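Chains as they are written, first to last, in my numbering: chain A, 1 to 379; chain B, 1001 to 1379; chain C, 2001 to 2379; chain D, 3001 to 3379.
Since the hints were derived computationally from the structure, they do not count as laboratory data. Heads up, some of the hints might be wrong.
As the list claims (entries may be wrong) - Computed list of chain B residues with no C-beta within reach of chain D, every gap over 12 Å:
#	residue
1	LEU1033
2	THR1076
3	ALA1098
4	THR1161
5	ASP1163
6	GLY1165
7	ALA1166
8	GLU1179
9	THR1189
10	ALA1197
11	ASN1204
12	ARG1218
13	GLY1255
14	MET1259
15	THR1279
16	ARG1356
Unchecked claim - Here are some, though not all, of the chain B residues that point toward chain A, as calculated from beta-carbon distances under 10 Å:
#	residue
17	ASP1107
18	ALA1112
19	PRO1188
20	THR1260
21	SER1283
22	GLN1357
To be verified - What follows is a set of in silico ranges between Cβ atoms, one per label pair, in the way DEER data are often shown:
#	chain 1	residue 1	chain 2	residue 2	range
23	A	GLU311	B	GLY1274	22 to 28 Å
24	D	PRO3220	C	GLY2165	35 to 41 Å
25	C	ALA2176	D	GLU3311	41 to 47 Å
26	B	ARG1217	A	GLU272	51 to 57 Å
27	B	ARG1217	A	ARG329	35 to 41 Å
Only a predicted model underlies this, so the values are computations on that prediction, with no experimental measurement involved. Think of the CB as a built atom: it goes at the ideal place given N, C-alpha and C, for glycine as much as any other residue.
Take a look at the letters that make up each chain.
4 protein chains.
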Amino acid sequence: MTSHSGVLFRVATFGESHGGGVGVVVDGCPPRLAVSLDAIQADLDRRRPGQSRLVTQRDESDQVEVLSGLHQGYSTGTPIALLVRNNDQNSGAYEHLAELYRPSHADFTYDAKYGIRTIAGGGRASARETIGRVAGGSIARQLLATACGIEVLAWVSSIHTIDAGAEIDSATVTLAQVESDPTRCPSPTHAAAMTEAIEQARRNGDSLGGIVTCVARRVPPGLGEPVFDKLEADLAKAILSLPASRGIEFGAGFGATTMTGREHNDPFAPGEHGQPRTTSNHSGGIQGGISNGADIVLRVAFKPTGTIAAEQETVTRSGESTTVSAKGRHDPCVLPRAIPLVEAAVCLTLADHLLRQRATDFLPEVPPEVASISARHTP
Amino acid sequence: MTSHSGVLFRVATFGESHGGGVGVVVDGCPPRLAVSLDAIQADLDRRRPGQSRLVTQRDESDQVEVLSGLHQGYSTGTPIALLVRNNDQNSGAYEHLAELYRPSHADFTYDAKYGIRTIAGGGRASARETIGRVAGGSIARQLLATACGIEVLAWVSSIHTIDAGAEIDSATVTLAQVESDPTRCPSPTHAAAMTEAIEQARRNGDSLGGIVTCVARRVPPGLGEPVFDKLEADLAKAILSLPASRGIEFGAGFGATTMTGREHNDPFAPGEHGQPRTTSNHSGGIQGGISNGADIVLRVAFKPTGTIAAEQETVTRSGESTTVSAKGRHDPCVLPRAIPLVEAAVCLTLADHLLRQRATDFLPEVPPEVASISARHTP
Amino acid sequence: MTSHSGVLFRVATFGESHGGGVGVVVDGCPPRLAVSLDAIQADLDRRRPGQSRLVTQRDESDQVEVLSGLHQGYSTGTPIALLVRNNDQNSGAYEHLAELYRPSHADFTYDAKYGIRTIAGGGRASARETIGRVAGGSIARQLLATACGIEVLAWVSSIHTIDAGAEIDSATVTLAQVESDPTRCPSPTHAAAMTEAIEQARRNGDSLGGIVTCVARRVPPGLGEPVFDKLEADLAKAILSLPASRGIEFGAGFGATTMTGREHNDPFAPGEHGQPRTTSNHSGGIQGGISNGADIVLRVAFKPTGTIAAEQETVTRSGESTTVSAKGRHDPCVLPRAIPLVEAAVCLTLADHLLRQRATDFLPEVPPEVASISARHTP
Amino acid sequence: MTSHSGVLFRVATFGESHGGGVGVVVDGCPPRLAVSLDAIQADLDRRRPGQSRLVTQRDESDQVEVLSGLHQGYSTGTPIALLVRNNDQNSGAYEHLAELYRPSHADFTYDAKYGIRTIAGGGRASARETIGRVAGGSIARQLLATACGIEVLAWVSSIHTIDAGAEIDSATVTLAQVESDPTRCPSPTHAAAMTEAIEQARRNGDSLGGIVTCVARRVPPGLGEPVFDKLEADLAKAILSLPASRGIEFGAGFGATTMTGREHNDPFAPGEHGQPRTTSNHSGGIQGGISNGADIVLRVAFKPTGTIAAEQETVTRSGESTTVSAKGRHDPCVLPRAIPLVEAAVCLTLADHLLRQRATDFLPEVPPEVASISARHTP
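Throw the hints in and build the complete structure from the sequences for me.
In structure tokens form, the structure reads like this:
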């Protein structure tokens, strides 16, 4: 129950930061999908530590191995199992953490839940768990592109108080722009300021959070379910299951609360192929839980990294006061590496809903006189 | 797939605004729970239209009928089916909506998804669907109280630009305070201003949104799952599946993005019974996806109601430009009636995770030398 | 968890023999399906007691009411809730059963599981629970017929030692033949003998079991999943969840255990439209968990009814020896009424797998050089 | 969707006969379970080819590697991933099968479902897939033993017409007796005859099927759900998802159809600790879908192996008539190797239901005056 997600396009991740490896089983991928291992590896490389001075310098090569489910470059319809070996086995680096609880980590809550935990590297709470999601998400991304031309793109829009949000047009920003700077902020001036802020935080033994914006383009109208599995509900679940995420908003989001209905409502106008389009997108591409064909736009709040070099108050496992300071290599800011995670969460959710919609949308149209005014059902 | 929620404590809602009725099947409620029908009816009454001048004046008595699953006031362990009949059958009031798409409603997206829809009252997208959730959530609330003494309480903290958030202490606010004003804002001065703003919006043919805050108290540490089913992830899904919700944040939320790690981290200190407690609660009671024993605190953004009397641009089903203005009785602000919905979503989620945790937490403690430093697993 | 079934075409049943009523919520039915309420009622009437002298004479009219999900005779894609009221409220008839455990009933096991039970009418273990399945199964049947022309037909092939199996050709038997006799055995001579045996059993205060055979015709090849959700696995689960069922076999079934591979294997021969067909059907239409286009044929063992008028040894709830004899109206043989249950179980399972297959079968064909010899996957 | 099983104790298997390997992710195992890798390996060794002259002589060492989820010999509560590498990469042996459909194999149905398949070794339809189930089932077995002392034991009771069923007492047969002969038939005289029959079948280029009986001892009363997830329903699904299984029966099974109610009903008598016991066990330990504390007894029909050396009629992928004869090493009878599969299926199902029951069985007893006669629920 702990590690499965999806109704039809399903992923099950496994693995801790130390031990044999981490990975994912993707179950439900349609057969006959051309799957590029290079594309999976590229997404993993974007998540990997050590890409730049901004992020942790651990050397994790994170080479993906396909255990099953692909055949001559195509999916067979059976489970695709992907494994990434762990290389970094210096578990001694964590010995001093065995008997205390790091503030704002999962140390205490894992003990409360399980009564046992693997200390080294944070165990299952390690960011390495997300390798499985990114690998699975990359396959979902390839499915979305092949089936509908859907594109999912995320970027850093703010770090701490440096907010590039107003500078970046979600309708036009490109992957190349995002990848042009290690911060993954596509506004070069803001990226420079963010770099400086992150390096300053590192020098201070401190850490920073920020906001990631994500857009999904060319999502066909009709994806999502009207009640519990609304599209934004499933997206929110996928995003809020990412480490360090603390909030999510769609379209105008929290800003919608200070708008009036007149300001917030998205008028419809005639669009291409007789399909209506909205002339604004405060709804963020989803209405009544279902995609309306406009760009899906969402923003995610990430807290500052919990692991900091500065000394903090805490308690031991036996309940006595103590202090702790992080040693070793740590990200002072996870935002740049969170980009592929957010994209993976969105891709996995959209792929699942794409299959769900295909499952039921095949009967012919009803006669025109139906689908008008409701009548009491019972004869 | 559209209308089920939960792994162990499961609800399935059914019903449209018109037709035979709406309701819920609660499957998985533990046997031998004393269930008060009065408490269910009380929660439904808080959701009901017509409670005050602030909300829509439709007369919906919403009397709940128990079809199955209870026996002399106790749950039997079998499905609890609850039915609320529809009384308001004036479907003619919706005839003019059959051939156009109301902006920021589900009219177009339902057509895109289903190719057929029941126009009257919004069909399945009607707020009446939430009756089933509130009824099911009320049973969940009774389970949480009986099993752990958990209390879930929500209130209106802002409407439009009137923000009472800073005035209300989530640790101490009471149900009586929330229910003392029709706005369900426990700050009397803000409540008065909110009332005035809502009435002004109604006079303008406009509508307002706002923010609901919710707290869950006395949640034991250890609820939640570490990966996809993190507690905040499942809460976010439940909340973002509520009509008109556009965002959610936990603890410091989006505000965490402008804090540093040093500021945001919640230090541990010795607590009662040898259990650690945090001296701040920026994490909102959840760390690593699992409850830590502190109050769970979350905030939800609701957009302004889509239905407004003012004239708006839109298109017909056949793709031609037209305009629409809402007629009849509508809420200019859903926030006061959203309170029991938010509470229901939180109660349903916590009840499910409570059962999930009980399912696996029964083996004896491991020897003290285990649960320390990880070693490579394979012999 | 107790009362849901299906991945995409889902049903949740509710209700006990006494109380407000029994019913079903069908979630996941594709929109735009023409749904005949008369057909649902006809299936319910086949399940209803009092159809003939052979079965219990209780007067249960079992009129179905549609609460939601249909609109002018078409499914809307939202949950279809169906309710059948209970009329028979003479719970006093069960008073003497409150303090003892009837042999081979669920009385003791419900107490062991729940610690509470509704005595009257067997509560949730009552055969009335199956009303919801039959109603949901009838909708599934209409979907299968509309989408693929699939026909599902069951009949009584044996009662006690009277075995009509060899007389009935599963490839050609018709609904009219099955319905021509109250026994639902399409061999008239066997039907007469079965009638006599059942009436004799009633006179003896005893009861009889037997075997139901079911065929599903025109199932397209490709339905079913290769591992846990094999088509026969899901069919077996659905069938073995019917009251009084004790075994199931597919194709040659237990008889296959005394055949050799040479005898049992189904040779392929060229079929219509270039599609292979098998020249025998020992596999019962399923190979490797997936339908092969031949008729699916299965046989179900039903035990003799547990409720008998003869006196039996048992114990009280407090553990003391006592005896019990059934009073009132009871079926001496459930087989005739089990026919619509078996059909419903098969229809629900096939509908679910039909949607599952449609969800993933949409990508274009792979190049001919692929899908030949496997190579090691990793580059 | 294809490869997951279980609600709380969940397994996801992956892998084909050729490629990187096969394995399982066990998700939901309670934390703090002492897990013996030796016991897992022992169960895998019982499944392995090459154990005796009776079964296929391929050399598959099938060494299990733990990738995650265990820590110093205990489960951590997080996913346990187990991998068994493939060693046998002679895919050329299958080249001649690429363009035809073997009778009674999954070749055609996989093509019908997926439009692509990995020919070598049968791909996902290979018996190697069951390695994951056996490994996961071994962990389930250890959980059942630790939590309740449950023992699950299966044996070969018949092969072709050699039926040892009447000789073997399911209440007393031991693992040592079963393992004392390569046939896994605990009756030595029948085992000798079976050995001869299997060797004769091999010489004839033919194959044999048979029946496996399985008993689960010391299952506490109360496991199972009353409607769709009846204990026998979930057991039937697990068993009928095993390769080559064609039928299942519980207790008296198909034999119950020729008994009367008076003969078949299991009388209750006072048992130990005030708990009733049945004086016969025609119900096979399950009544109303829920375990009653007696031994669970089930019998499984396995068809003769599809792969035979004798020449058979079939068609090519392009629909032309041809013939095929199996080459290489094949089991003339899978029954001895099916024993650990049947046990694994039963263990996985029981472990899931054990957790499900623990999830909801915690509220105190109801007052004695409740749980007696039902009354109409609604006030």
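Verification of the hints:
{"no.": "1", "hint": "LEU1033", "in the structure": "violated, 6 Å"}
{"no.": "2", "hint": "THR1076", "in the structure": "violated, 9 Å"}
{"no.": "3", "hint": "ALA1098", "in the structure": "holds, 37 Å"}
{"no.": "4", "hint": "THR1161", "in the structure": "holds, 45 Å"}
{"no.": "5", "hint": "ASP1163", "in the structure": "holds, 41 Å"}
{"no.": "6", "hint": "GLY1165", "in the structure": "holds, 37 Å"}
{"no.": "7", "hint": "ALA1166", "in the structure": "holds, 40 Å"}
{"no.": "8", "hint": "GLU1179", "in the structure": "holds, 24 Å"}
{"no.": "9", "hint": "THR1189", "in the structure": "holds, 41 Å"}
{"no.": "10", "hint": "ALA1197", "in the structure": "holds, 40 Å"}
{"no.": "11", "hint": "ASN1204", "in the structure": "holds, 44 Å"}
{"no.": "12", "hint": "ARG1218", "in the structure": "holds, 17 Å"}
{"no.": "13", "hint": "GLY1255", "in the structure": "holds, 31 Å"}
{"no.": "14", "hint": "MET1259", "in the structure": "holds, 30 Å"}
{"no.": "15", "hint": "THR1279", "in the structure": "holds, 28 Å"}
{"no.": "16", "hint": "ARG1356", "in the structure": "violated, 7 Å"}
{"no.": "17", "hint": "ASP1107", "in the structure": "holds, 8 Å"}
{"no.": "18", "hint": "ALA1112", "in the structure": "holds, 4 Å"}
{"no.": "19", "hint": "PRO1188", "in the structure": "violated, 21 Å"}
{"no.": "20", "hint": "THR1260", "in the structure": "holds, 5 Å"}
{"no.": "21", "hint": "SER1283", "in the structure": "holds, 6 Å"}
{"no.": "22", "hint": "GLN1357", "in the structure": "holds, 7 Å"}
{"no.": "23", "hint": "A:GLU311 with B:GLY1274: 22 to 28 Å", "in the structure": "holds, 24 Å"}
{"no.": "24", "hint": "D:PRO3220 with C:GLY2165: 35 to 41 Å", "in the structure": "holds, 39 Å"}
{"no.": "25", "hint": "C:ALA2176 with D:GLU3311: 41 to 47 Å", "in the structure": "holds, 44 Å"}
{"no.": "26", "hint": "B:ARG1217 with A:GLU272: 51 to 57 Å", "in the structure": "holds, 52 Å"}
{"no.": "27", "hint": "B:ARG1217 with A:ARG329: 35 to 41 Å", "in the structure": "holds, 39 Å"}
The structure fails to meet hints 1, 2, 16, 19 from the earlier list, while all remaining hints are met.
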